[in-house]
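Note that the protein sequences, when read in sequence, are chains A and B.
The first sequence begins at 1 in this note's numbering and counts up one residue at a time.
The second sequence begins at 1 in this note's numbering and counts up one residue at a time.
Please note that the accuracy of each hint is not assured.
Here are the simulated SDA-like cross-link-like pairs (lysine to any residue), alpha carbons at most 25 Å apart as the crow flies [unchecked claim]: (1) B:309 to A:6; (2) B:387 to A:302; (3) B:387 to A:273; (4) A:305 to A:9; (5) B:309 to A:302; (6) A:352 to B:281.
Calculated from the structure, these hints are not laboratory results.
Because the structure is a prediction, the values reported are computed rather than measured.
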Amino acid sequence: MDLDFTEEQQMLREMVRGMCAEYAPLDVVRAMEDDPTGCPAEFWKQLGELDLLGLTIPEEYGGSGQTALEGAIVYAELGRSLAPSPHFVSSVMSAGALVLAGSDEQKRAWLPKIVSGDAILTPAWLEPKGGYGPAGVQLRAVAEGAEYRLTGTKQHVLFARAATRLLVLVRTGDGDEDIALLLVDPQSPGVELTQQLSLASDTQYKVSFDDVRVPATERVGAEGSGWATWDEVMYDGIIMLAAQAMGGAERALEITVQYTKDREQFGKPLGAFQAIAHYLADASTDVDGGMTLVWEAAWARSEGKSVARLAPMAKLFACQTYRDMTAMCVQVWGGVGFTLEYDIQLFFRRAKQLQLSWWDTRHLEELIASDVLDRAEA
Amino acid sequence: MNFEFSEEQYEFLEQVDRFLEENYDPEVMDPSRENMSQLVDTPKRRAFMKKIGQRGWLGMTWPKKYGGSEGEGVYEYLLNERLAGAGCPQIGKGVGIIGKTLIRRGSEKLRQEFLPKILENDIEFAVGYSEPQAGSDAAAMALKAVRDGDGWRLNGQKIFTTSAHFAEWYWFGARTDPDAPKHKGITLFLMPMNAPGLTIQAMATIGEREITNQVFFDDAWVSDEYRVGELNQGFQYISEALDLERFTMFTFAPIQGRVDLLCEYVASEQRDGRPLRQDPVIRQRIAQLVTQTEVARVLGLRFVAKSIKGGAPPTNEASQYKLYATTHSVRVANASMDIGGPATQLRVGMEDAPMNGRADTSYRCTVVETIGGGSSEIQKNIIARRKLGLPKNF
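Modelling step: build the complete structure from the supplied sequences, incorporating the hints.
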């Protein structure tokens, strides 16, 4: 039993924290809100130079081959800083799918470029009327000779304007999991991007496909394996996002605690009122507990243990804590918490969006319940 | 980072499990007594604890000089969790609060008199801090101790002395300096529970089979030799011991046990011919409960991991764990009733009670967990001040 980081992990954490403070301070975060590209160029360059874009990508493709625990450490820092970048969609989700199911040729073509930051890949998954299950994927890919023809609409496609390739989840048949992953050039004829403004002011697009032709060689993995690949990568992804949520929660709590020491009403600091102090004591307990649960999930993943229950628990609890806690923080800040000028709103808006994204509460609860209650059937 | 215990620690757990199997007795191991199962209050339970003592499992962390084995605190944690999970009596009070305070603060005479008996489990203590006007404000205790010969004359009253009706010795705080600030005029004493002038009066509780007590002091007398540590330092000793032992009083394993019981129930039961586990509302509730249960567990591990490292005592971790785990314990009890439905109102022993009647016992007994040992509000004050550095707020 040892819940401390190694010296290397501690150094990694400090390095990322310092880099975020230098290249993505909150004024840069603010400047990137609703931006069509959405990622500060200097920050992206630094992520590449410090080998963070390839952190968990195998060494044979130029990455550092680190474990989910190092990944979570980095993500907690990205969460603290609110630094916007396509790191998650490109280095975690797209690279994860390629590592798991890509052909040698695809891996060699894309992974080194993801690691250097020269290429950005982003998944195109959710659809306007779809949920998080396989039935949510209705965009049709009709096989015709050596190519697919795609028609349909995706939304919440992050950083699509900056992307070199979209990793599109497409439906190839009527069976539940007749789903494939296709690498699609967003410049292809028939692809249209429309930026959509969001609660977190991040950079996301609706992408429509009108009879877009994609060579069959762009399929990642065997026919019919797309959903299984995607599902597996998601378990890694949500551990990172859980860490991101807890990092954000930790910092939102810190700035709020400081505010309650500085701000006075009725002749004493806000923090001297139990009504306020008890909110913060509860929040600090949830944050420390949630953070430890995230480390447990990341540690389990890095040790090759099952995270079928731990990963969804981590994201569920982390995002719930982040959302509830930032709502409480805004209450503590009072009227200025509603203004754009103060920083707490940056956390408040991102927290809710993160909770809804990449498996929401309802989906995560179902995964956990199924793991706990339906085992006899399996 | 490593969330697992060491091989030696797992081996120790196996030894404890074997011991529990070999000594299985439903009267000693009764999880339906909920948090009260920690009491060593029947002859059979005393005999069981004596066997634990013979295994060398009492005083595992004490100095060798006093019969201990100077082991790591994690072994006490592991033992206590296993005992609690099985509904056995536990080691918190004698070995922890009293034994360790005597080792840190007591006179050599008191150490020689009491420590061997604790190791053999030949003695049971009752702890008297609360008084009618001194609950969360424990330093407001007013039990009057006045110098009389080579001892102290005692007049006043204690309340919520849970073990008074079976203990041999009373460990209590009394006001020895009425003029000093309230937390600087309290002294700790030990006296026999059957001393002249002490009257014990039982108080029935909603824990049904479980009682607590009031203790009245009418001109009772205690020798100064049975004063614990320095005069007027009692409140400091009380707080110090509570900080260190809070953890042993509110174990995690029983919460996990009740969650497992509930999950098994949901996985196997039907209502109106339909499996309970197919109800989406119940599935949602179970998912939340098992997640929060894991959070309670890891908050406990933070405490354990910090104690293993040594250094400053993990008092913030203990308060965070106590706050979260006891709140969650109440939540699990409430959910067990909501999910189990109307039949969960049936008590233990009723033929049709679901989950062996545990929904009823836990609904009754968990209430006191967020109150005793420093209420949730007191834990929040501690966290606010010590961890977050906020100003004093009361």
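Checked hints:
1. Proposed proximity of residue 309 of chain B and residue 6 of chain A is supported: the alpha carbons are some 14 Å apart, at most 25 Å.
2. At most 25 Å may separate the alpha-carbon atoms for a hinted pair to count; residue 387 of chain B and residue 302 of chain A exceed this at roughly 31 Å.
3. Under the criterion of a C-alpha separation no larger than 25 Å, the hint pairing residue 387 of chain B with residue 273 of chain A is consistent with the structure, at around 16 Å.
4. Simply put, residue 305 of chain A and residue 9 of chain A have alpha-carbon atoms about 20 Å apart, close enough for the 25 Å limit, and the pair holds.
5. Distance check on the hinted pair: residue 309 of chain B and residue 302 of chain A sit about 23 Å apart at the alpha-carbon level, within 25 Å; holds.
6. The hinted pair formed by residue 352 of chain A and residue 281 of chain B meets the criterion: a straight-line CA distance of about 22 Å does not exceed 25 Å.
The structure does not agree with numbered hint 2 stated previously, though it agrees with all others.
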